[in-house]
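Number of protein chains: 2
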Amino acid sequence: MSEPATAAGAQGLVTAALLIIGDEILSGRTKDKNIGYIAEYLTNIGIQLKEVRVVADEEAEIVDALNALRHRYTYVFTTGGIGPTHDDITADSVAKAFGVGIDVDERALTPMKAYFERRGVELTPARLRMARIPFGAELVENSVSIAPGFMLGNVIVMAGIPSIMQVMLDAATKYLKTGKKMLSTAVDLHRPEGEIAGMFEALQKRYPDVPMGSYPFMRDGRPGTQLVLRCTDPERLAEADSELRAELTKRGWL
Amino acid sequence: MSEPATAAGAQGLVTAALLIIGDEILSGRTKDKNIGYIAEYLTNIGIQLKEVRVVADEEAEIVDALNALRHRYTYVFTTGGIGPTHDDITADSVAKAFGVGIDVDERALTPMKAYFERRGVELTPARLRMARIPFGAELVENSVSIAPGFMLGNVIVMAGIPSIMQVMLDAATKYLKTGKKMLSTAVDLHRPEGEIAGMFEALQKRYPDVPMGSYPFMRDGRPGTQLVLRCTDPERLAEADSELRAELTKRGWL
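Going down the list, the sequences are from chains A and B.
Once you know that position 129 of the first sequence is 139 in our numbering, the rest is easy, because the numbers rise by one and skip nothing.
Once you know that position 32 of the second sequence is 42 in our numbering, the rest is easy, because the numbers rise by one and skip nothing.
Note that these hints are calculated values from the structure, not bench results.
Take these hints with a grain of salt, some might be off.
[Claimed, not checked] PhoX-like mimics (lysine-lysine), calculated; alpha carbons at most 20 Å apart, straight line:
1) B:Lys-43 / A:Lys-41
2) A:Lys-43 / B:Lys-106
3) A:Lys-41 / B:Lys-41
4) A:Lys-43 / B:Lys-41
None of these values were measured; they are calculated from a predicted model.
From just these sequences and the hints, can you work out the full model?
Written out as structure tokens, the structure is:
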């Protein structure tokens with residue numbers, strides 16, 4: 011795989027976008043379970059997820075989103091649309107976005123044939139579609155149901171079913187470079203955001219290199235706030251975290 | 011509110027995009043609960059959700075996404091980033107995207123003052139920020155915690171906390187025109203996609219005006235498929251559904 015040249019890359023950061031392909035998510039019929047899983051997974055291996063898009067099963071939508079995202083981020087992960095039915099158009103759309111051809115790939119077909127034969131399952135023309143891989147792609151192994159995903163350039167194409175997507179994401183990591191891991195600390199306070207905002211903003215100004223977020227929550231009908239500090243440098247993070255805790259202790263909030 | 015002129019509008023379709031603003035979703039720390047709720051809600055009131063994006067709490071990202079989406083769809087709904095802390099920059103970003111000013115709005119401030127006074131809560135400068143509304147916007151009522159959302163042009167700005175977002179979405183519907191409701195039927199089969207694909211594609215070709223989707227699932231380790239037909243015309247949908255059921259019965263699959 012070539013190394014995508016991005017501004018973030020120059021700072022040791024590895025970034026990603028996630029493109030979810032599926033009418034069923036947009037209609038609300040299926041509730042997405044992949045965004046949270048992939049977001050957490052990438053954070054843990056030092057890849058920063060910067061953007062997510064959900065688009066319909068329409069070629070022009072998929073191609074436009076792929077071309078917008080693949081030049082902006084180190085990697086683009088896609089889920090959905092690689093099954094055997096007529097509405098599964100992800101592989102063709104990726105080939106089109108890259109301007110390459112696509113055909114049945116022996117590397118994909120051979121293990122699928124063996125798998126189907128063992129199970130007495132017919133290799134229908136529809137199932138054969140799942141072995142179509144864009145030219146130049148690496149396969150991404152599917153240990154659950156064999157029909158593979160693939161990686162073309164910096165785009166990693168995975169299934170939409172969560173259990174299959176998860177084994178493909180594991181399999182894809184061997185192709186990925188990972189960056190400095192984004193570390194974080196969090197404090198939960200039983201106070202509303204409006205009371206801690208002034209102190210918190212002043213702390214952010216003293217640590218511009220440690221992005222700080224404030225996330226309100228309601229528990230038993232009472233408002234609370236989670237304060238999150240994020241930094242790739244563990245010493246700097248610890249320093250900001252100590253100062254936050256000192257400020258909170260001083261006010262009797264911790 | 012002005013009526014946005016879109017190609018979809020000419021066909022009686024009302025479309026929408028959803029823009030989720032939040033670092034916490036992208037890091038995986040918070041699992042999104044709003045996409046599924048909003049998708050289903052909009053489908054039920056005859057608005058077709060066509061795209062979702064999740065972006066970070068960064069002004070340039072938010073402004074770019076707003077400007078890309080608001081010209082493409084009838085409505086853009088946003089969630090997140092309207093609280094009192096320094097990382098809450100949605101209102102300012104919306105004002106910037108539209109090129110209008112923003113300031114404390116008496117329509118928002120008066121009920122917030124009364125609410126805080128009743129509860130003995132101090133009106134801190136941070137809380138005052140929540141009354142800042144872009145010029146020209148309509149307020150969107152928040153019956154849970156009073157600080158309102160707003161609608162500017164075709165953009166509806168809501169809180170990120172699900173319980174507050176949900177009352178705001180109810181409150182916003184009075185400003186919205188709704189379109190022909192997208193109807194759907196679904197059949198669950200205990201057969202893998204690869205076996206039904208040929209029949210299903212042939213049916214889709216006979217009903218090009220009834221989009222058909224096939225959604226694989228795994229239950230107790232066995233593959234199954236949900237077939238979904240969608241159409242705004244109830245008679246045409248019933249016709250396609252009958253034909254699908256006849257095809258399935260003929261093959262002994264139902």
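Practice problem: May I ask which of the numbered hints given earlier this structure violates, with the numbers listed in increasing order? | Solution: Those not satisfied come down to hint 2.
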